[in-house]
Amino acid sequence: MTTRGKIALTIVLLAVVGLGVARWWDKIAPQVRPQRLSLNIDEVKKLVQAQRPDPASIPLLIGTNAATLVERSGIPAVSGVSDYSKESKDGKLVVKFPINVWPGWAPIIVANNGVEPSEQSVFYKKHGFYVRLDIVDDPVKARDLFASGKSHVLWGTLDMIALFAPELVKDSRTIPVVCQQVDWSAGGDGVVARGEIRNINDFRSAGGKRKKVILAQNSPSHYLIMSLLIDAGIDPGDVDFKWAGDAPSAAKIFVTDPSYDAFVGWSPDIYNITDHDKTTRLVVTTGTANHLIADVWAVRNDFYRDNPQIVAGLVQGIFEGMDMVRKDPKAAAGALAKAFQLKEADCLSMVGKDGGISEGDAHLTNYRENTKFFLDPYNPANFEVVWNTASTIYKSLGTINNIVPPAKVKAHAVLAAMSDSYRDVRDLSQPTFRPNALANMSAEAGAGQVLTKAVMVAFEPNQSVLNAQYDASIPATLEEIGKLAGKFGNAYIIIEGNTDASKKGIVPTDLVRRLSYDRADAVRKAIMEKYKFDPNKFKVVGNGWDNPLAACTDPSNPEHNRKNRRVEVKVFPLESGS
Amino acid sequence: MHEFGPFLLVAVVFVGLLTLVVRVARLRVHGDLTYARAMGLTALFIGVVLAVWWFVTRGPPTERWVQPLILPGPMDVLRSFGPLHFEQGLVRSALYSWLRVTAGFALAALVALPLGIYMATFPPVAAFFRPLSLAGAYVPIVVFIPLSMSWFGTGEAQKIGFLFIGCFVALLPQVIKDIADVPTAFLDVAVTKGASQWQLVRHVLFPVAQANIWDHLRGVYGVGWGWIIMAEVVVRPEYGLGGLIEASERRSQTEAIYAVIIVIVLIAVACDQLWRIGGELLFPYRRAE
Numbered sequence: 001m002t003t004r005g006k007i008a009l010t011i012v013l014l015a016v017v018g019l020g021v022a023r024w025w026d027k028i029a030p031q032v033r034p035q036r037l038s039l040n041i042d043e044v045k046k047l048v049q050a051q052r053p054d055p056a057s058i059p060l061l062i063g064t065n066a067a068t069l070v071e072r073s074g075i076p077a078v079s080g081v082s083d084y085s086k087e088s089k090d091g092k093l094v095v096k097f098p099i100n101v102w103p104g105w106a107p108i109i110v111a112n113n114g115v116e117p118s119e120q121s122v123f124y125k126k127h128g129f130y131v132r133l134d135i136v137d138d139p140v141k142a143r144d145l146f147a148s149g150k151s152h153v154l155w156g157t158l159d160m161i162a163l164f165a166p167e168l169v170k171d172s173r174t175i176p177v178v179c180q181q182v183d184w185s186a187g188g189d190g191v192v193a194r195g196e197i198r199n200i201n202d203f204r205s206a207g208g209k210r211k212k213v214i215l216a217q218n219s220p221s222h223y224l225i226m227s228l229l230i231d232a233g234i235d236p237g238d239v240d241f242k243w244a245g246d247a248p249s250a251a252k253i254f255v256t257d258p259s260y261d262a263f264v265g266w267s268p269d270i271y272n273i274t275d276h277d278k279t280t281r282l283v284v285t286t287g288t289a290n291h292l293i294a295d296v297w298a299v300r301n302d303f304y305r306d307n308p309q310i311v312a313g314l315v316q317g318i319f320e321g322m323d324m325v326r327k328d329p330k331a332a333a334g335a336l337a338k339a340f341q342l343k344e345a346d347c348l349s350m351v352g353k354d355g356g357i358s359e360g361d362a363h364l365t366n367y368r369e370n371t372k373f374f375l376d377p378y379n380p381a382n383f384e385v386v387w388n389t390a391s392t393i394y395k396s397l398g399t400i401n402n403i404v405p406p407a408k409v410k411a412h413a414v415l416a417a418m419s420d421s422y423r424d425v426r427d428l429s430q431p432t433f434r435p436n437a438l439a440n441m442s443a444e445a446g447a448g449q450v451l452t453k454a455v456m457v458a459f460e461p462n463q464s465v466l467n468a469q470y471d472a473s474i475p476a477t478l479e480e481i482g483k484l485a486g487k488f489g490n491a492y493i494i495i496e497g498n499t500d501a502s503k504k505g506i507v508p509t510d511l512v513r514r515l516s517y518d519r520a521d522a523v524r525k526a527i528m529e530k531y532k533f534d535p536n537k538f539k540v541v542g543n544g545w546d547n548p549l550a551a552c553t554d555p556s557n558p559e560h561n562r563k564n565r566r567v568e569v570k571v572f573p574l575e576s577g578s
Numbered sequence: 001m002h003e004f005g006p007f008l009l010v011a012v013v014f015v016g017l018l019t020l021v022v023r024v025a026r027l028r029v030h031g032d033l034t035y036a037r038a039m040g041l042t043a044l045f046i047g048v049v050l051a052v053w054w055f056v057t058r059g060p061p062t063e064r065w066v067q068p069l070i071l072p073g074p075m076d077v078l079r080s081f082g083p084l085h086f087e088q089g090l091v092r093s094a095l096y097s098w099l100r101v102t103a104g105f106a107l108a109a110l111v112a113l114p115l116g117i118y119m120a121t122f123p124p125v126a127a128f129f130r131p132l133s134l135a136g137a138y139v140p141i142v143v144f145i146p147l148s149m150s151w152f153g154t155g156e157a158q159k160i161g162f163l164f165i166g167c168f169v170a171l172l173p174q175v176i177k178d179i180a181d182v183p184t185a186f187l188d189v190a191v192t193k194g195a196s197q198w199q200l201v202r203h204v205l206f207p208v209a210q211a212n213i214w215d216h217l218r219g220v221y222g223v224g225w226g227w228i229i230m231a232e233v234v235v236r237p238e239y240g241l242g243g244l245i246e247a248s249e250r251r252s253q254t255e256a257i258y259a260v261i262i263v264i265v266l267i268a269v270a271c272d273q274l275w276r277i278g279g280e281l282l283f284p285y286r287r288a289e
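Quick note, the sequences are listed as chains P and H, same order.
Reminder that position 89 of the first sequence reads as 89 in the numbering used here, one-by-one numbering, no gaps.
Reminder that position 133 of the second sequence reads as 133 in the numbering used here, one-by-one numbering, no gaps.
With the rest of the complex left out, here is chain P (with noise of 0.2 Å):
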C-alpha cells in the first residue's frame, strides 16, 4: 500500500469511528442519572415518622432500673475472631482512639494527660490501661482505620456515623458501638449567607433563581441544611448545591466567589468571615440549634465484647475529664493547644471559658445530659431522633441504601450501669429562659427570626382543642413541633394561630383573634405536657385573619381559606430575647 493510500484509510476509519461515536454518543457515555437531590419533604416526614421507635422500645433509666437495663441489649453478637490492634505497652493494652480538632475532645486529652500513652492519665491511674490519641481530621480516614482494626474507636458526629454505619455493620466485628455523647455543637457550626438571605426560609429560589449554596457533600454541614430546610418545608432541590472538599475549603470558595449565595461551615470560619465581611451574616448557628449536631464516640463491635471494662474505664475517664476542664478551662485550653498545636486563646475560645457550657464551640455533655440522650425516649432530640433523621435524609438521597437500626448501634448498657455513682449529675444543656422576654417583640417583623415552620392543624369549628378524632395527623404534628423546639435548644418558640377571613364582617375580629389565639395556646399546652420544656421557652400569639399567607388572600377561595387556617411555629434565638 502507498502511502498515500494509508493516510486515505486511516481517515475513512476514523471518520467511520467518530460518526459512530457520534451517533451512539449517549449510550457510549451515559450521562448521570439525575442525582435525587429533589425530595418529597412530606415523604421524608413520613419516612422519619416510620423510623419513630415505640417509646417502650428505648429503655429509660429512672431510679433503680440500671441493673435490668444492662441486660437488654439489640447489639449483634460477634462473629469472627477479633482484628484489632493488640499494641501493649507494659503489658498494658493501648487504646487508639482518634480524635480530629475539635473542643469536645478537651476532656480526654485532659484525662489521658496529652495525646501520648501516660502513666500520669486518669485511664492509667484509675482503670489500668493506655490511651494513645490520634490527630485524624478526615473521617474517612478515621472510618478506614477502625474499619481495618487499627484504630479501636471511632469519633464522629452521630449523623456520620449514621452514614458509614451500612457499610460498617456489614461485619459483626465493625459495627460502630456508640457508647458516649461527648458533647453537642454549640456555635461550632453555622449556615453563612450574603445578600437577601436572613432566614432558612429565605433559601427558596426567588423569580426562578435558585440559591447557590456551597458545602462539603455527606458531612455535618450537609446534614445541618437538609435538616433546617426540611424543618423549613423547603425541597433541597430548590437549592443549588454546590460541593466543596470539606468545610473550610467551602470557607474559602464562599469568599472567593461572590456568586455564592452560601455556605455551611464550622467555627471559626463562619465568625471571622462575618466579622470582617459585613455584606454577610450568620443565619444560623448551632448555638441556636444546639441539639442537632451530637459527637460521640464508637468502639468496634469485637473490642466492646472482649473489654467492656476498659469501655466503662473510657467513658468514666471522659467524665471525669469534663469535670477537670469544667474546674480549670485555661489549663484545658493549654492542654488543647500542645494536642492540636493552635495558639492557647484559639483554643480557650473553642473550649470557652465557662469549660463549655454556654460558651465555646461545644457544650460538653455530663452524665446526666448522656442519659437523656441514650435512656429517655419522651427527649424529642434524643439518640434515635437524631439517628433516624440523619439516615432518612442520607437514604432519601441515595447516598445509602438501607437504615441501620439505631438499637443496634446504640450501647445504653454503659451508661446505665454506672448510674448510681453519678447520681448527683445535673444538666447543663437548658439556658434560662427568661419570663415574658419576647413580650415586646412584635412577631410579624421577624427580627433576627431563624426559621418559621407552617403546619396544618385542623379544629372542629369554634373549637379550641386539640381532636385527635378530627384531624388524625395531630399527634404526628405535635411530634414534629416537639422535634424542632428539641433541636433549638437554645431559642424561644413562638407558636402564631391563623384563621381564615371567609368570616370577615359577621364575627367580631376579637373573638376571632382570640380563637386563634386559644388554638395556637392548645398546641403549646400539648407539647408542654408531652416533652415538659421550660415553659417560658414558648410564647403564643393569635393573629386572627389579619396575617393570611402571601399567595392566599381571597377569603371567598376555599382552597386558601384551607391553607390559612394554619398555625405558624417561628424559632427565634435566644438573644433577641434579650
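Think of the hints as simulated: they come from the structure by calculation, not from any bench.
Please note that a few of the clues may not be correct.
To be verified - Pairwise CB distance ranges (calculated):
(1) 83(H) - 43(P): 17 to 27 Å
(2) 147(H) - 3(P): 46 to 56 Å
(3) 328(P) - 138(H): 16 to 26 Å
Where a beta carbon is used, it is the ideal one built from N, C-alpha and C, also for glycine.
Given the coordinates of chain P, assemble chain H onto it according to the supplied hints.
Quick look at chain H alone, frame taken from chain P:
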C-alpha cells in the same frame, strides 16, 4: 525508628532474593528473550498480583484478611463498573478529566518550552526567572489549590489553572536541562559558519534537544494525571474522575474508587503509548541509535 526496621528488613530480603535468582538462573547480560516469553512474564506478574488480591479478599467479610471497606475483592471492583457507567457518567467523566489534563498540560508546555529554552540560552533571562526553576518544583503542590482559586475563580478555569501550574513547575527545569545538555561543539561549528544568535537557538539548540524534550513532555503528562483528584476537589464538577473518587469516598463505595483508579491508570498508560509512538514517528533517527 523501630517502625523503620521492618521496612528495611523486607527491602534487604527482597534485594537479596532477587540477586540470588539472577545469579542462580545464570541470566545473560542483554540476553535474548522471545516476544512471547517476555509477554508471558509480564502476564505472570499481573497474574500474581491478581491472585494475591483475590486471596486476601476472599470469603465472607468476617473471614477476610482485609476488610472490604479497605480493599474490596476483584469481582466487587469489576461489578462496580456497571453503576459507574450507567448511573454516574464514567465515560463522560473520563473525557472531561482527559480534556482538563490535556488543556492544563498544553498550556504549561506552551509557556514552559520557550521560557526554558531562553533561560538555558540567555543568562539574564535565567537569572531573572531562576526562582521558578530552582524552587518551583519543590513547592508542595497543595498550596496551589487555594491560590489557584483566588487567581482563576472556582469554575473550570481553576481546575485547568491548577493542572497548568503542576505541569509547568515540573516541566521547566527539565527543558532547561535538555537545552543545557546540548554539546557546545554544535554551537562552535555553527558560530564558525556564521550563524546569528537567533539561528543558534532556532537551528542548533532546539533541534538537537527536541527528542529529549519530547521524552520529558511525555513524563510530565503522566504526572498531570496524578493531580486530577486534587484539581477536581475544590468545587466538584458534574463530570470528572477525581470528583467521582471524592463522591465515592464518603459513601463508603471503596470498590468504585478502585474502579476509577483503574480507569485513570489505563488512560494514562494508553496516552503514554501514544506519546511513545509519536516520538518514534517524529524522531526516527533515535531508534537507529
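Now for the hints, and whether the structure bears them out:
With their beta carbons about 24 Å apart, residue 83(H) and residue 43(P) fall inside the hinted range of 17 to 27 Å. Evaluation of the 46 to 56 Å hint for residue 147(H) and residue 3(P) yields a pass: the beta carbon distance comes to about 49 Å. Against the hinted window of 16 to 26 Å, the Cβ-Cβ separation of residue 328(P) and residue 138(H) comes to about 44 Å, which falls outside the hint.
Of the numbered hints given earlier, the model fails hint 3 alone.
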